[in-house]
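Peer 1: Sequence:
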Amino acid sequence: MRVVVKDASVIIDLANADILKEWFLLGYETHTSDLILNQLQQDQQWSIVKNYFQNKKFKVHSLSPDKLTMAISRIGSLGRGGIADMSVLLLAEQLNATLLTGDGRLRSKSEKSGLEVRGTLWVLDELVRQSIITRTIAFKKLEIIIAKGARLPESEIQKRKHKWS
1425 MRVVVKDASV IIDLANADIL KEWFLLGYET HTSDLILNQL QQDQQWSIVK
1475 NYFQNKKFKV HSLSPDKLTM AISRIGSLGR GGIADMSVLL LAEQLNATLL
1525 TGDGRLRSKS EKSGLEVRGT LWVLDELVRQ SIITRTIAFK KLEIIIAKGA
1575 RLPESEIQKR KHKWS
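In terms of this note's numbering, the sequence shown is residues 1425 to 1589.
Heads up, some of the hints might be wrong.
Stated by the list, open to error - Quick list of in silico lysine-lysine cross-link-like pairs, BS3-like style, CA-CA up to 25 Å:
(1) Lys1480 / Lys1491
(2) Lys1480 / Lys1445
(3) Lys1536 / Lys1445
(4) Lys1572 / Lys1587
(5) Lys1585 / Lys1564
(6) Lys1572 / Lys1445
(7) Lys1445 / Lys1491
(8) Lys1572 / Lys1474
(9) Lys1572 / Lys1583
(10) Lys1483 / Lys1445
(11) Lys1445 / Lys1585
(12) Lys1536 / Lys1564
(13) Lys1481 / Lys1445
(14) Lys1583 / Lys1564
(15) Lys1572 / Lys1585
(16) Lys1491 / Lys1481
(17) Lys1536 / Lys1491
(18) Lys1445 / Lys1587
Keep in mind the hints are simulated off the structure, nothing from the lab.
Required output: the full structure, derived from the provided sequences and hints.
Peer 2: Written out as structure tokens, the structure reads:
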């Protein structure tokens, strides 16, 4: 089974587009940290995502004191939310997993660590590639995600819109 670690931004994007159920049909073992879970519990999308946590669709990991110390020492330029972001980077390293994030600084730091990093657009691509949703639905879901304030690369958005419209 393929293993991924998700940060809050991708989970929120999928919740906003109402495609978390479809995500789990892709067959990825999905992990996150307890710090991301804590962030999500404070977010308006919690009512959408909580059932996936309660039904153990997400495997939630806590940082050991040593890992917490390591996360704090490696935060660097991650800024606000840095400790939670660093927790998923460390978790992805530990699990040798792909990191799914929408945070540019976390993406850059993770790639420098040698991790495979993907984002929300990749998830939509996978849903289409595996015929879980149609291109038309992917186009509509992308528009919803953008309307809800996701920060995605404009050039990549345009490629998808052209391909899926």
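Peer 1: Does each hint fit the structure? Answer for all of them.
Peer 2: Now the hints, each set against the structure:
1. Lys1480 / Lys1491: holds (23 Å)
2. Lys1480 / Lys1445: holds (13 Å)
3. Lys1536 / Lys1445: violated (32 Å)
4. Lys1572 / Lys1587: Holds. Lys1572 to Lys1587 sits at ~22 Å (cutoff 25 Å).
5. Lys1585 / Lys1564: Distance ~9 Å between Lys1585 and Lys1564 Cα, so the pair holds.
6. Lys1572 / Lys1445: holds (19 Å)
7. Lys1445 / Lys1491: violated (31 Å)
8. Lys1572 / Lys1474: holds (19 Å)
9. Lys1572 / Lys1583: holds (20 Å)
10. Lys1483 / Lys1445: holds (16 Å)
11. Lys1445 / Lys1585: holds (23 Å)
12. Lys1536 / Lys1564: violated (33 Å)
13. Lys1481 / Lys1445: holds (10 Å)
14. Lys1583 / Lys1564: Cα-Cα ~14 Å, so holds.
15. Lys1572 / Lys1585: Holds - the C-alpha atoms of Lys1585 and Lys1572 are around 17 Å apart, at most 25 Å.
16. Lys1491 / Lys1481: holds (24 Å)
17. Lys1536 / Lys1491: Measuring from Cα to Cα gives roughly 19 Å; hence the hint holds.
18. Lys1445 / Lys1587: Holds, because 24 Å separates the two Cα atoms, which is no more than 25 Å.
Figure legend: structure checked against the earlier numbered hints; hints not met, in rising order: 3, 7 and 12.
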